[in-house]
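J.: Given only the sequences and the hints, what does the whole structure look like? Please build it.
So the protein lines, in turn, are chains A and B.
Count along the first sequence from 1, add 1, and you get the number used in this note's numbering.
Count along the second sequence from 1, add 9, and you get the number used in this note's numbering.
These are computed hints drawn from the structure, not numbers from a lab.
Note that the structure is a prediction, hence the values are computed from the model and not measured.
Quick reminder that beta carbons are idealized off the backbone N, C-alpha and C, glycines included.
A few of these clues could be false.
What the hints assert, rightly or not - Not everything, but these chain B residues come out facing chain A in the computed CB check (under 8 Å):
no., residue
1, N61
2, E94
3, S96
4, E112
5, G117
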Amino acid sequence: GENVEQHPSTLSVQEGDSAVIKCTYSDSASNYFPWYKQELGKRPQLIIDIRSNVGEKKDQRIAVTLNKTAKHFSLHITETQPEDSAVYFCAASTAGGSSYKLIFGSGTRLLVRP
Amino acid sequence: EAGVAQSPRYKIIEKRQSVAFWCNPISGHATLYWYQQILGQGPKLLIQFQNNGVVDDSQLPKDRFSAERLKGVDSTLKIQPAKLEDSAVYLCASSLQAGAFRETQYFGPGTRLLVL
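T.: Right, dumping it as structure tokens:
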């Protein structure tokens with residue numbers, strides 16, 4: 002089945018610097034890759050997603066890149082701010098029979114130091 | 010647009026007791042998911058419904074966990090009897106559909122379960 006690996010598990014950056022989180026997946030048929038931000042004690046919230054027909058997508062300070070050949074995708078946050086501190090999860094879609102679901106990575110705890 | 014609702018928000022029980030969680034998805038969302046999130050890990054899918062039918066329950070410990078989605082809207086997840094290792098946050102999510110560019114999942118606030 003699909004397996005998603007996420008690195009690093011923790012990331013500490015200075016305010017204003019960039020942060021990069023990387024994920025790899027195993028199912029070459031995966032075609033949808035969302036990223037979620039989860040603040041302490043709160044629900045995961047979708048921040049950006051990308052589909053397999055696109056190599057890069059940007060939304061203000063956040064961008065995601067996808068390399069289908071290498072089966073990896075990355076989240077880039079530029080000009081980081083203290084409110085970006087949270088746990089970030091990547092996910093990849095997988096399908097089998099009538100099921101279409103997401104497999105999540107183990108998460109990256111991002112700390113932005115003021 | 011109202012989000013996914015869950016209750017209760019917190020629950021403390023002793024092992025071997027029973028517990029039930031409730032989820033109300035976003036109106037019009039056909040697909041509903043229950044996830045288990047253990048501290049420090051990503052969400053793990055337990056069961057997926059399409060309307061009121063189960064499409065994936067391969068990761069659901071069926072000897073103790075059960076779930077239903079009445080009339081294709083609200084859903085309940087039950088654990089009976091609970092074990093210590095069931096301590097986790099139980100997240101409900103919903104999407105318009107599964108796949109077909111309508112698969113964006115929106116999560117509820119979760120129910121934090123502690124089994125003593």
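J.: Indicate, hint by hint, whether the structure satisfies it.
T.: Against the structure, the hints come out as follows:
no.: 1; hint: N61; result: violated (14 Å)
no.: 2; hint: E94; result: violated (18 Å)
no.: 3; hint: S96; result: violated (15 Å)
no.: 4; hint: E112; result: holds (6 Å)
no.: 5; hint: G117; result: holds (6 Å)
When each numbered hint is compared with the structure, violations occur for hints 1, 2, 3.
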